[in-house]
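Letter by letter, the chains look like this.
There are 2 protein chains.
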Amino acid sequence: MTLTRNDFLALDQQDVLAPFADEFDLPDGLIYLDGNSLGAMPKAAMKRAQEVIEQEWGTDLIKSWNKAGWFSLGEKLGDKIATLIGADQGEVVSCDATGLNVYKLVSAALEMRPDRRKIIMEGSNFPTDNYMVQGLIKQLDKGHEIIFVEYNDIMGAINDEVAVVCLTQVHYKTGHLHDMDAITAKAHDVGALAIWDLCHSAGALPVDLNAANADFALGCSYKYLNGGPGSQSFVFVAKRHQAIAMQPLTGWWGHAEPFGFERDYRPMKNIRQMNTGTQPIVSLALSEVGLDIFMRADMNDIRKKSIKMCDLFIELIEQRLDGFGFSIASPKQSAKRGSQVSIYSDNGFAIMQALIANNVIGDFRAPDIMRFGFTPLYVSYVDVWDAVEVLKNIMDEKSWDQPEYKRVGTVT
Amino acid sequence: MTLTRNDFLALDQQDVLAPFADEFDLPDGLIYLDGNSLGAMPKAAMKRAQEVIEQEWGTDLIKSWNKAGWFSLGEKLGDKIATLIGADQGEVVSCDATGLNVYKLVSAALEMRPDRRKIIMEGSNFPTDNYMVQGLIKQLDKGHEIIFVEYNDIMGAINDEVAVVCLTQVHYKTGHLHDMDAITAKAHDVGALAIWDLCHSAGALPVDLNAANADFALGCSYKYLNGGPGSQSFVFVAKRHQAIAMQPLTGWWGHAEPFGFERDYRPMKNIRQMNTGTQPIVSLALSEVGLDIFMRADMNDIRKKSIKMCDLFIELIEQRLDGFGFSIASPKQSAKRGSQVSIYSDNGFAIMQALIANNVIGDFRAPDIMRFGFTPLYVSYVDVWDAVEVLKNIMDEKSWDQPEYKRVGTVT
Numbered sequence: 030m031t032l033t034r035n036d037f038l039a040l041d042q043q044d045v046l047a048p049f050a051d052e053f054d055l056p057d058g059l060i061y062l063d064g065n066s067l068g069a070m071p072k073a074a075m076k077r078a079q080e081v082i083e084q085e086w087g088t089d090l091i092k093s094w095n096k097a098g099w100f101s102l103g104e105k106l107g108d109k110i111a112t113l114i115g116a117d118q119g120e121v122v123s124c125d126a127t128g129l130n131v132y133k134l135v136s137a138a139l140e141m142r143p144d145r146r147k148i149i150m151e152g153s154n155f156p157t158d159n160y161m162v163q164g165l166i167k168q169l170d171k172g173h174e175i176i177f178v179e180y181n182d183i184m185g186a187i188n189d190e191v192a193v194v195c196l197t198q199v200h201y202k203t204g205h206l207h208d209m210d211a212i213t214a215k216a217h218d219v220g221a222l223a224i225w226d227l228c229h230s231a232g233a234l235p236v237d238l239n240a241a242n243a244d245f246a247l248g249c250s251y252k253y254l255n256g257g258p259g260s261q262s263f264v265f266v267a268k269r270h271q272a273i274a275m276q277p278l279t280g281w282w283g284h285a286e287p288f289g290f291e292r293d294y295r296p297m298k299n300i301r302q303m304n305t306g307t308q309p310i311v312s313l314a315l316s317e318v319g320l321d322i323f324m325r326a327d328m329n330d331i332r333k334k335s336i337k338m339c340d341l342f343i344e345l346i347e348q349r350l351d352g353f354g355f356s357i358a359s360p361k362q363s364a365k366r367g368s369q370v371s372i373y374s375d376n377g378f379a380i381m382q383a384l385i386a387n388n389v390i391g392d393f394r395a396p397d398i399m400r401f402g403f404t405p406l407y408v409s410y411v412d413v414w415d416a417v418e419v420l421k422n423i424m425d426e427k428s429w430d431q432p433e434y435k436r437v438g439t440v441t
Numbered sequence: 030m031t032l033t034r035n036d037f038l039a040l041d042q043q044d045v046l047a048p049f050a051d052e053f054d055l056p057d058g059l060i061y062l063d064g065n066s067l068g069a070m071p072k073a074a075m076k077r078a079q080e081v082i083e084q085e086w087g088t089d090l091i092k093s094w095n096k097a098g099w100f101s102l103g104e105k106l107g108d109k110i111a112t113l114i115g116a117d118q119g120e121v122v123s124c125d126a127t128g129l130n131v132y133k134l135v136s137a138a139l140e141m142r143p144d145r146r147k148i149i150m151e152g153s154n155f156p157t158d159n160y161m162v163q164g165l166i167k168q169l170d171k172g173h174e175i176i177f178v179e180y181n182d183i184m185g186a187i188n189d190e191v192a193v194v195c196l197t198q199v200h201y202k203t204g205h206l207h208d209m210d211a212i213t214a215k216a217h218d219v220g221a222l223a224i225w226d227l228c229h230s231a232g233a234l235p236v237d238l239n240a241a242n243a244d245f246a247l248g249c250s251y252k253y254l255n256g257g258p259g260s261q262s263f264v265f266v267a268k269r270h271q272a273i274a275m276q277p278l279t280g281w282w283g284h285a286e287p288f289g290f291e292r293d294y295r296p297m298k299n300i301r302q303m304n305t306g307t308q309p310i311v312s313l314a315l316s317e318v319g320l321d322i323f324m325r326a327d328m329n330d331i332r333k334k335s336i337k338m339c340d341l342f343i344e345l346i347e348q349r350l351d352g353f354g355f356s357i358a359s360p361k362q363s364a365k366r367g368s369q370v371s372i373y374s375d376n377g378f379a380i381m382q383a384l385i386a387n388n389v390i391g392d393f394r395a396p397d398i399m400r401f402g403f404t405p406l407y408v409s410y411v412d413v414w415d416a417v418e419v420l421k422n423i424m425d426e427k428s429w430d431q432p433e434y435k436r437v438g439t440v441t
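Top to bottom, those sequences are chains Y and S.
Here the first sequence is numbered in my numbering, starting from 30 and rising by one per residue.
Here the second sequence is numbered in my numbering, starting from 30 and rising by one per residue.
Some hints could be false.
When chains are identical, the list treats them as one kind, so a pair holds in a single copy or across two.
[What the hints assert, rightly or not] Derived lysine-lysine pairs resembling DSS-like cross-links, with alpha carbons at most 30 angstroms apart:
#  : residue 1 : residue 2
1  : Lys-202   : Lys-92
2  : Lys-92    : Lys-435
3  : Lys-268   : Lys-109
4  : Lys-76    : Lys-427
5  : Lys-105   : Lys-215
6  : Lys-167   : Lys-427
7  : Lys-421   : Lys-96
8  : Lys-76    : Lys-96
9  : Lys-96    : Lys-72
10 : Lys-365   : Lys-421
11 : Lys-202   : Lys-147
12 : Lys-435   : Lys-96
13 : Lys-92    : Lys-72
14 : Lys-171   : Lys-76
15 : Lys-333   : Lys-72
16 : Lys-105   : Lys-76
17 : Lys-171   : Lys-215
18 : Lys-215   : Lys-147
19 : Lys-268   : Lys-202
20 : Lys-105   : Lys-333
21 : Lys-92    : Lys-337
22 : Lys-109   : Lys-147
23 : Lys-96    : Lys-427
24 : Lys-268   : Lys-337
25 : Lys-202   : Lys-298
26 : Lys-361   : Lys-421
27 : Lys-298   : Lys-92
Treat the hints as calculated values from the structure; they're not laboratory data.
Construct the entire structure; sequences and hints are all you get.
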């Protein structure tokens, strides 16, 4: 059946998540399909910034470490994130950048498997995880080796020489979704540990780390969780590992008694050991505003709408943009896909620039992928229709084929 | 000669830095002598926050990585910090937390001295540096050893077994100031490298890293530099080392071509290699506001006023608080002191609580040190008099001796 714009308007009418769009501030007329890179700004962000800057910093000053709970803010946020990723209270802390948390967790995991040297990773996924583990094993200098394996070959590569399987659950380029349960079970079968990077899954789809029996995880708060640019990453350590798994970036926030100012390091034997040092508080505090919106939403509703939007987007591309050389890079089967749709196109870079110039924001990943992220809290069904309509006009009129659209510059 | 309050008012009249106080927002009636822990809020901070949150995040969204220069902000701030610490442009970048930067630099330095195993540190100084190096050498597992040496014994301990001398220039508790020139020269004489932690010196006194021929340095932006709670640390790598000194936390922001999204790490061979990953941007952006004030102040004027305030504070304590069991923990010779005065007192914790309750903010460091930081940009001479007056009243009336002043909780 041929879809029409009215079908999309009708879906918006019935959308239980529609009211959430009012909690975000997006420029008028903008269709923002890049929340998988930088989440939109919650309207409450500025008010929270004012509190933390004017009241907590400006007025209460140093007292805010206790009075405003700055020192334990990472754990407070961690407990909120825990509810979105199937973790228990006390299993998650918000701190530092994604890559640093990869470094910490892979290091801790390798120490728990001292007789093994192999680490399974997906080489094509976002490279900072690769880079960090490369830095780590060079540092360790004990013959560890990363085995880079792609999607279909991962299960087969997990054997009893493997210490750690470290995967990003949703692929940043294609959106393909790994089977966390099956891969974790296979890792455990052979005596390996499983680390999950949830950068493109936390807030995008229901994640249940403890149901999967995952050992470790980490993720990002500035994409689907709308925490603000570069806001802190989070780390999950399963309770059963917390007295054993020790990360090596041993700063005072992870010390058993941080305010004892002892000369020598003694680890805190809980999730706080994953801390390093003083966090940029304004960014950390702001990220709670995004999380608080999620506390009132149902992750299953989010997933349902996300799948529907992605399916419809794919259907529209196929119905209305035939003959322009597009092909869908993401899995068509929704169960194998995150909350994005990626499209191959030889002219992807210029087409994306034209889209952006026409108020449809997605992004481009070299050499030939256009990415469109679908964030159910603030993207409507009719946005999906309108985005494809804009793309269709650009293709029909070949308006992407201009020198100004061929400059470089884009960010994850 | 006996000092009077009028002497202090007269000094304020002549103070060339007095106009800077208007650029900071401090609560009425508060005497803030804790800028060595958390700097005061510049009045311009809220406006900058509004720009970065509402305009850059809310409106420009993902475009701000280029348009607002988020991606290179750490280097932009680094270049400003460079002017305060005697570094050249391109030698400093602002990123991550202090402890992480210690880890990076000591690791890079040890790799440059592969045949040596000893690291000189001052065990009594702020312990996160110790903790991080302890974590690092455990990670390296190659027999490295920290030689903890105190102030007077440092020069004698630097011999040709030493790979790295890693010292905090100003002691966080006592305020004693190391002779950077002499220690760096001695380190070089024996073939060692010198790393300087400037947490309590950047913005507190003139620092000239290149005149001292320092190899590496790092520091804090939320103390004397007024960058906001937990704002990013900075790292200095002397130009001559930038193609060789490689830090191990190899995230994508330090990659030679971050947007190439290559599978394998290749280091950027300049100061950007010290980056790990995406920084909390709101905090980073806010810290520029504090720096911009310093760009208009003369570091020599700041030092001159700082010394005068500290000298007067010591003089007043000795003149007006004799017999209360106080003794000065900081060097009395100003050339050997940072911008703080510390006082030993058996009842220091309770006395500090009483001071805070009476609107004089300093802090306490176990077991017996009261710290008072002097920040010439927003503390006046009469504040020094008034703070001592409040302390005198507390001691005269013994009003510190109350159960409510004996609870625990304080932060660096």
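Consistency of the hints with the structure:
Within a single copy, Lys-202 and Lys-92 get their C-alpha atoms only as close as 44 angstroms, which misses the 30 angstroms cut-off; across copies the closest is 19 angstroms, which meets it. For a Cα distance limit of 30 angstroms, the shortest separation of Lys-92 from Lys-435 across copies, 16 angstroms, qualifies, whereas the shortest one inside one copy, 52 angstroms, does not. In the homo-oligomer, the alpha carbons of Lys-268 and Lys-109 lie at most 30 angstroms apart inside one protomer (16 angstroms), although the nearest pairing across protomers, at 44 angstroms, exceeds that limit. In the homo-oligomer, the alpha carbons of Lys-76 and Lys-427 never lie at most 30 angstroms apart, since the shortest distance is 44 angstroms inside one protomer and 42 angstroms across protomers.
When the C-alpha separation of Lys-105 and Lys-215 is checked against a cutoff of 30 angstroms, the pair qualifies neither within a copy, at 33 angstroms, nor between copies, at 47 angstroms. In this assembly of identical chains, Lys-167 and Lys-427 lie within 30 angstroms of each other by CA distance neither inside one copy nor across copies; the values are 49 angstroms within and 60 angstroms between. Taking the closest pair of Cα atoms, Lys-421 and Lys-96 come within 30 angstroms of each other only across two copies (28 angstroms); inside a single copy the shortest separation is 55 angstroms, beyond that limit. For a Cα distance limit of 30 angstroms, the shortest separation of Lys-76 from Lys-96 qualifies both inside one copy, at 19 angstroms, and across copies, at 25 angstroms.
Proximity of Lys-96 and Lys-72 under a CA criterion of 30 angstroms is satisfied in both settings, with 25 angstroms inside one chain copy and 22 angstroms between copies. Proximity of Lys-365 and Lys-421 under a CA criterion of 30 angstroms is satisfied intra-copy only: 27 angstroms inside one chain copy versus 71 angstroms between copies. Taking CA atoms no more than 30 angstroms apart as the test, Lys-202 paired with Lys-147 passes inside one copy only; the shortest distance there is 25 angstroms, against 46 angstroms between copies. In this assembly of identical chains, the alpha carbons of Lys-435 and Lys-96 lie at most 30 angstroms apart only when taken from different copies (17 angstroms versus 52 angstroms within one copy).
Taking the shortest Cα distances, Lys-92 and Lys-72 sit within 30 angstroms of each other both inside one copy (28 angstroms) and across copies (19 angstroms). Neither within a single protomer nor between protomers do Lys-171 and Lys-76 lie at most 30 angstroms apart by alpha-carbon distance, with minima of 50 angstroms and 51 angstroms respectively. Taking the shortest alpha-carbon separations for Lys-333 and Lys-72, only the intra-copy value of 25 angstroms comes in at or below 30 angstroms, while the best inter-copy value is 46 angstroms. For the identical chains of this complex, Lys-105 and Lys-76 are neighbours both inside a copy (19 angstroms) and across copies (28 angstroms), given an alpha-carbon limit of 30 angstroms.
Proximity of Lys-171 and Lys-215 under a CA criterion of 30 angstroms is satisfied intra-copy only: 25 angstroms inside one chain copy versus 34 angstroms between copies. With identical chains, the CA atoms of Lys-215 and Lys-147 are at most 30 angstroms apart within one copy only, with a shortest distance of 15 angstroms there and 44 angstroms across copies. Within a single copy, Lys-268 and Lys-202 get their C-alpha atoms no closer than 32 angstroms, and across copies no closer than 37 angstroms, so neither meets the 30 angstroms cut-off. Only within a single protomer do Lys-105 and Lys-333 lie at most 30 angstroms apart by alpha-carbon distance; the minimum there is 28 angstroms, versus 44 angstroms between protomers.
For a Cα distance limit of 30 angstroms, the shortest separation of Lys-92 from Lys-337 across copies, 28 angstroms, qualifies, whereas the shortest one inside one copy, 48 angstroms, does not. For a Cα distance limit of 30 angstroms, the shortest separation of Lys-109 from Lys-147 qualifies neither inside one copy, at 34 angstroms, nor across copies, at 44 angstroms. Taking the shortest Cα distances, Lys-96 and Lys-427 sit within 30 angstroms of each other only across copies (26 angstroms), while inside one copy they are farther apart (59 angstroms). Taking identical chains as interchangeable, the C-alpha atoms of Lys-268 and Lys-337 are never at most 30 angstroms apart, the minima being 35 angstroms within one chain and 54 angstroms between chains.
Proximity of Lys-202 and Lys-298 under a CA criterion of 30 angstroms is satisfied inter-copy only: 28 angstroms between copies versus 37 angstroms inside one chain copy. With identical chains, the CA atoms of Lys-361 and Lys-421 are at most 30 angstroms apart within one copy only, with a shortest distance of 21 angstroms there and 76 angstroms across copies. In this assembly of identical chains, Lys-298 and Lys-92 lie within 30 angstroms of each other by CA distance solely inside one copy; the values are 27 angstroms within and 42 angstroms between copies.
In this structure, the hints that do not hold are numbers 4, 5, 6, 14, 19, 22 and 24, in rising order.
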